[in-house]
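Residues in the sequence shown are numbered from 1 upward in steps of one, following this note's numbering.
Note that these hints are calculated values from the structure, not bench results. For glycine and all other residues, C-beta sits at the position ideal for the given N, C-alpha and C.
Now the in silico label distances, taken between C-beta atoms and shown as ranges:
#: 1; residue 1: I88; residue 2: C68; range: 26 to 32 Å
#: 2; residue 1: H9; residue 2: A44; range: 24 to 30 Å
#: 3; residue 1: S8; residue 2: D51; range: 29 to 35 Å
#: 4; residue 1: I39; residue 2: R69; range: 43 to 49 Å
#: 5; residue 1: L64; residue 2: L35; range: 38 to 44 Å
#: 6; residue 1: D62; residue 2: D40; range: 31 to 37 Å
#: 7; residue 1: K38; residue 2: R69; range: 42 to 48 Å
#: 8; residue 1: L97; residue 2: T63; range: 46 to 52 Å
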Amino acid sequence: MNAVIFDSHQYVQRLVDAGVTPQAAIEHIAKIDELNAKIDRVAAELNAKIDRVAAELNAKIDTLAAECRTYVADAKADVVRWVVSVAILQFALNSALVLKLMH
1 MNAVIFDSHQ YVQRLVDAGV TPQAAIEHIA KIDELNAKID RVAAELNAKI DRVAAELNAK
61 IDTLAAECRT YVADAKADVV RWVVSVAILQ FALNSALVLK LMH
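Just need the whole structure built from these sequences, with the hints factored in.
Next comes the structure, spelled out in structure tokens:
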């Protein structure tokens, strides 16, 4: 964790200097330490959730990318098939026209 350095002794001294009883200042520090521990736990849990969601999203993106590559490959195959078919048809029509013109 990126913990902030907190000088609890100096904080207690500042509270006491401000008129807070030493016992109350110590209790205040104990509560702050407890809250900081909770914050650290929640931050760790959130980081774990973020990592899990990021991994899930990366997996979905990889799946979609693979599907897109498949679609592109299929489209290329279809285009090649059509181009070859049209070329054969054009050759046949040209041949028929040449034969027709020869007679």
